[in-house]
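A.B. asks: Please take these sequences and the hints and turn them into a complete structure.
There are 2 protein chains.
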Amino acid sequence: MKMKRSSRLVDMTRFLLEHPHRLVSLTYFSERYGAAKSSISEDLVIIKENFEQQGVGSLLTVPGAAGGVKYMPLISEEEADRVVGELCEFLESPDRLLPGGYLYLTDILGNPEIMNQVGRLFASVFADRKIDVVMTVATKGIPLAYAAASHLNVPVVIVRRDSKVTEGSTVSINYVSGSSKRIQTMALARRSLKPGANVLIVDDFMKAGGTIQGMVNLLEEFQADVAGIGVLVEAEGEGEERLVEEYVSMMNLGGVDMKQRTIQVAPGNYKKFLTRLTEGMESE
Amino acid sequence: MKMKRSSRLVDMTRFLLEHPHRLVSLTYFSERYGAAKSSISEDLVIIKENFEQQGVGSLLTVPGAAGGVKYMPLISEEEADRVVGELCEFLESPDRLLPGGYLYLTDILGNPEIMNQVGRLFASVFADRKIDVVMTVATKGIPLAYAAASHLNVPVVIVRRDSKVTEGSTVSINYVSGSSKRIQTMALARRSLKPGANVLIVDDFMKAGGTIQGMVNLLEEFQADVAGIGVLVEAEGEGEERLVEEYVSMMNLGGVDMKQRTIQVAPGNYKKFLTRLTEGMESE
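If you read the protein sequences in the order shown, they are chains A and B.
Residue numbers for the first sequence follow our numbering, beginning at 22 and rising by one.
Residue numbers for the second sequence follow our numbering, beginning at 22 and rising by one.
No wet-lab data here; the hints were simulated from the structure.
Please note: incorrect hints may appear among the correct ones.
Claimed, not checked - Negatives, chain B to chain A, calculated, CB over 12 Å:
(1) 26
(2) 32
(3) 58
(4) 85
(5) 149
(6) 163
(7) 246
Claimed, not checked - With a straight-line cut-off of 30 Å between C-alpha atoms, the simulated DSS-like cross-links for lysine-lysine are:
(8) 69(B) - 151(B)
(9) 91(B) - 23(B)
(10) 151(B) - 58(A)
(11) 58(B) - 25(A)
(12) 58(A) - 25(B)
(13) 23(A) - 69(B)
(14) 91(A) - 58(B)
(15) 91(B) - 91(A)
(16) 69(B) - 69(A)
(17) 91(A) - 25(B)
(18) 91(B) - 69(A)
(19) 25(A) - 91(B)
(20) 23(B) - 91(A)
(21) 25(A) - 23(B)
(22) 58(B) - 23(A)
(23) 91(B) - 58(A)
(24) 69(A) - 58(B)
(25) 69(B) - 25(A)
(26) 69(A) - 23(B)
(27) 23(A) - 91(B)
As the list claims (entries may be wrong) - To give an idea of the chain A side of the interface with chain B (calculated C-beta under 10 Å), a few residues:
(28) 70
(29) 163
(30) 210
We treat Cβ as the ideally placed atom computed from N, Cα and C, and that holds for glycine.
C.D. replies: Right, here's the structure in full:
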């Protein structure tokens, strides 16, 4: 199909946005649009410059016969700080405090536009790691997992606290919830993970880290590897030792005073994981 | 910020794709790009023509002072049949059969690219209805709900089969599962739905429809209205009466023979809901 440059730019932009982290050959575009590869290359320069200028990502060019172009969703530090700053303010409302030092996050997790931004943030933090699958535990981590996975273009697997008949045989483990110290069970369908898979673990909230440590242990049962751990909100426990050491958090919940009903929500530790990428992005 | 037309087209395409069903004024684009409204209008024509030609949606222009442009994710009938046809073939593998006449769908529900396509399909079917929120029941309906909601640009609420401490006070009802005839409970956080809200109910699988009927009953408790019901797969029960009458299905599971281990997966009833929209889209 022959297309004018203006229409081609619209179509390529949409195509790249819908297929992040996928290497697309110039031949594919050249044939799709009935255009010379040199014209396609010029279009890609325009798209790349715009994405970088707007702080939403970059195009990576891989030279050679097996090469092509790959759209990497990234977020500039400025844009990340803006997104996280807005979220912090939004979360700092005292009526979000729930019994046990938890935070009401359901409305935020239910907002696809916010989840899309947070997904881009996670994808930006973990862009340079080899990730085959994103894993979370039902229910509240699921929107985060999909948001990250769709920007990384990998599948999602969901660990459950029950084992439903509709998933076939499952592998289950017991774990100790860090906060309540109770023994709980989590299960994952046997079919859903291959040995050696590189797994990004995400969840909405982490206190002591028992649930995340449970997922790490479950991965061992599948002989799969932890590629990274990301949480939306980490909360300071009262003198509790954290079970998980290496993780990325977007926000940090502190200063919880249940009597005074005050909370403080500050940016998490994401910045030190982001910088490297943003620098790489801007220097290109 | 002053931008060349080529860069502006890239940026407007991305902006519109990221904000479906949102009315954006021409003044906004005009100021964003430091360009005359007449130029913006020309750009929008190019984008609209491309989207319609590719069968991925259209731009709706609302005239007047409070007017602007709105991106509607739609899918052409041809594209819908292609997406559903591929899914049917994919699902027809006998090793997907699970005890009780269920189908293993976890891998499909875990694939963000497939969910994105199915979400566009749902958004296309329900594009002309007034929808304030998409509702589903944990766990397997969640990816579908987010996929549809992100194309409709509305929030998601998730009904749970337990009631977790981290959601505040909840409203719960009992319902009878159509297939197992057992009494079960479902609960929804009180904060998550306003009276009078127009709710699109989605789920991955429907047999007799007990779970969906449960969600309909739950909406009554919140004095909210059913704006539509959509399921990925409907299954024929053996002489069972269906509890839910008006729904849209993407696929139809029939001919299940547990002994011979054969199944047939055919397109669902979506076509009659889609046609009207596609015609409208093509005639513009």
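A.B. asks: Taking the hints in turn, state whether each one holds.
C.D. replies: Status of each hint after checking the structure:
no.	hint	in the structure
1	26	violated (7 Å)
2	32	violated (6 Å)
3	58	holds (18 Å)
4	85	holds (26 Å)
5	149	holds (20 Å)
6	163	violated (5 Å)
7	246	holds (19 Å)
8	69(B) - 151(B)	holds (23 Å)
9	91(B) - 23(B)	holds (23 Å)
10	151(B) - 58(A)	violated (45 Å)
11	58(B) - 25(A)	holds (22 Å)
12	58(A) - 25(B)	holds (22 Å)
13	23(A) - 69(B)	holds (17 Å)
14	91(A) - 58(B)	violated (33 Å)
15	91(B) - 91(A)	holds (29 Å)
16	69(B) - 69(A)	holds (22 Å)
17	91(A) - 25(B)	holds (24 Å)
18	91(B) - 69(A)	holds (25 Å)
19	25(A) - 91(B)	holds (24 Å)
20	23(B) - 91(A)	holds (27 Å)
21	25(A) - 23(B)	holds (23 Å)
22	58(B) - 23(A)	holds (28 Å)
23	91(B) - 58(A)	violated (33 Å)
24	69(A) - 58(B)	holds (25 Å)
25	69(B) - 25(A)	holds (14 Å)
26	69(A) - 23(B)	holds (17 Å)
27	23(A) - 91(B)	holds (27 Å)
28	70	holds (7 Å)
29	163	holds (5 Å)
30	210	holds (6 Å)
Hint check: violations occur at hints 1, 2, 6, 10, 14 and 23; the rest are consistent with the structure.
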